[in-house]
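Student: One-letter residues, chain by chain:
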Amino acid sequence: MSRSTTRFDTKKVNSELVTLTYGALVAQMIKDLDNTDDVSKQIERLGYNMGIRLIEDFLAKTGSGRCLDLKETADKIQTAFKMYLGVQPNVTNWSSSGDEFSFMLDSNPLTELVELPDDLKGLKYCNIICGAIRGALEMVQLDVQSWIVQDQLKGDQSTEVRVKFIRRLEDAMPAGED
Amino acid sequence: MVIFGIYIVSKSGGLIFNYDNNVPKIEKEKKFSYPLDIKLRVENKKIVVEFGERDGIHVGHVLYSINGIGVTGQQMDDGQDALEFLNKKENYPVVIKFGRPKMTTNEKIFLASMFYPLFAIASQLSPEPKSSGIEVLEADTFRLNCFQTLTGVKIMIVSDPSQTGVEILLKRLYEIYADYALKNPFYSLEMPIRCELFDNNLKSLLEQIEKVGITNI
Numbered sequence: 001m002s003r004s005t006t007r008f009d010t011k012k013v014n015s016e017l018v019t020l021t022y023g024a025l026v027a028q029m030i031k032d033l034d035n036t037d038d039v040s041k042q043i044e045r046l047g048y049n050m051g052i053r054l055i056e057d058f059l060a061k062t063g064s065g066r067c068l069d070l071k072e073t074a075d076k077i078q079t080a081f082k083m084y085l086g087v088q089p090n091v092t093n094w095s096s097s098g099d100e101f102s103f104m105l106d107s108n109p110l111t112e113l114v115e116l117p118d119d120l121k122g123l124k125y126c127n128i129i130c131g132a133i134r135g136a137l138e139m140v141q142l143d144v145q146s147w148i149v150q151d152q153l154k155g156d157q158s159t160e161v162r163v164k165f166i167r168r169l170e171d172a173m174p175a176g177e178d
Numbered sequence: 001m002v003i004f005g006i007y008i009v010s011k012s013g014g015l016i017f018n019y020d021n022n023v024p025k026i027e028k029e030k031k032f033s034y035p036l037d038i039k040l041r042v043e044n045k046k047i048v049v050e051f052g053e054r055d056g057i058h059v060g061h062v063l064y065s066i067n068g069i070g071v072t073g074q075q076m077d078d079g080q081d082a083l084e085f086l087n088k089k090e091n092y093p094v095v096i097k098f099g100r101p102k103m104t105t106n107e108k109i110f111l112a113s114m115f116y117p118l119f120a121i122a123s124q125l126s127p128e129p130k131s132s133g134i135e136v137l138e139a140d141t142f143r144l145n146c147f148q149t150l151t152g153v154k155i156m157i158v159s160d161p162s163q164t165g166v167e168i169l170l171k172r173l174y175e176i177y178a179d180y181a182l183k184n185p186f187y188s189l190e191m192p193i194r195c196e197l198f199d200n201n202l203k204s205l206l207e208q209i210e211k212v213g214i215t216n217i
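Here the protein sequences come in this chain order: A and B. For the first sequence, my numbering begins at 1 and goes up steadily by one. For the second sequence, my numbering begins at 1 and goes up steadily by one.
Calculated directly from the structure, the hints in this document are not laboratory data. Be aware that one or more of the hints could be misleading.
[Said to hold, decoys possible] Distance condition first, Cα-Cα at most 25 Å in a straight line; then the derived DSS-like pairs of lysine-lysine:
(1) B/183 <-> A/12
(2) B/130 <-> A/71
(3) B/183 <-> A/82
(4) B/183 <-> A/61
(5) A/61 <-> B/203
(6) B/11 <-> A/76
(7) B/130 <-> A/76
(8) B/171 <-> A/76
(9) A/61 <-> B/11
(10) B/171 <-> A/61
Chain A extracted, bound-state conformation:
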């Protein structure tokens, strides 16, 4: 695998390019839709659609196998954060039943240059991450819910992305694995 990672070395781009492009996208959406809730929802859908494609890239590049435990899943999403956003979030706040956890992002490349105006306080700017997590996990037959708990844009210390395991999609399991 080591050889393929060097050859496939992800083309590094300046994270500012991502920040600016994403910012432009959200700004345009706010212009197009007047309801902030709708924008949040659309961003989440956008992330979902990215996630269902991105998972394939992640699996092809890391060669990782199926998770049989949520802790393993959390670890893998952590590596995915590193791969796609260049940040390494902490996995914390496990629920006692072990079906819920959070990613703590101390710095978030998406919001680095962003300040939310007062009339957009309801906007879930980072919802794209939640969508991507949900979409990607759905493709590997894990149904999860994901939402933003804390947001640096709203004055919190760090950004917290919560993930809750709902169920395994047994009927969607590919043949030979069910």
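Chain A is already provided as a structure; the job is to place chain B on it using the hints.
Tutor: Coordinates of chain B only, in the frame set by chain A:
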């Protein structure tokens, strides 16, 4: 390196990509006089050799052309019925070309969707629980390697039985699929892959293998 073909089957069992790679062309042209000493038969709307194997013409080969006029199905390209033409003594001597039947796209789609339940059955038949489906299927003239991704996409390579290192190629194909099909915003999931970049990268990968060998990619 002998790779005959590459197939990608979507999660729902549809053939979404197929590429035929250096399949040797087998064609034989020969002059015949009346009466024709090869028994022909109509099968699946094609005219095939039923009996009388000789001079490189084998049972199962289909009629390609008569006197240089192509034959599609049972009809010659100038509108005559091929079998009727061959039954008339005045048309002889004739030059007939036979060859290995080519698979049509429809037949490929059909075969790909047949593999799907076979794969599932294999995992059910297994004496051990939690078995995978068919990973390698071997015959005396080819070997089929199948790799199923966690998301249920199957990538298959039909190669020479002696070909080694096909697993590496499968992994590389998966990477190319993830890059050039899935990251193309105008490609919709589960649909046939018609992406030029994907084709180009796949071809250059195969060329590279041809040159430096499968283990060096």
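Student: Check each numbered hint from earlier against the structure, then list the numbers of those it violates in ascending order.
Tutor: The structure breaks none of the hints.
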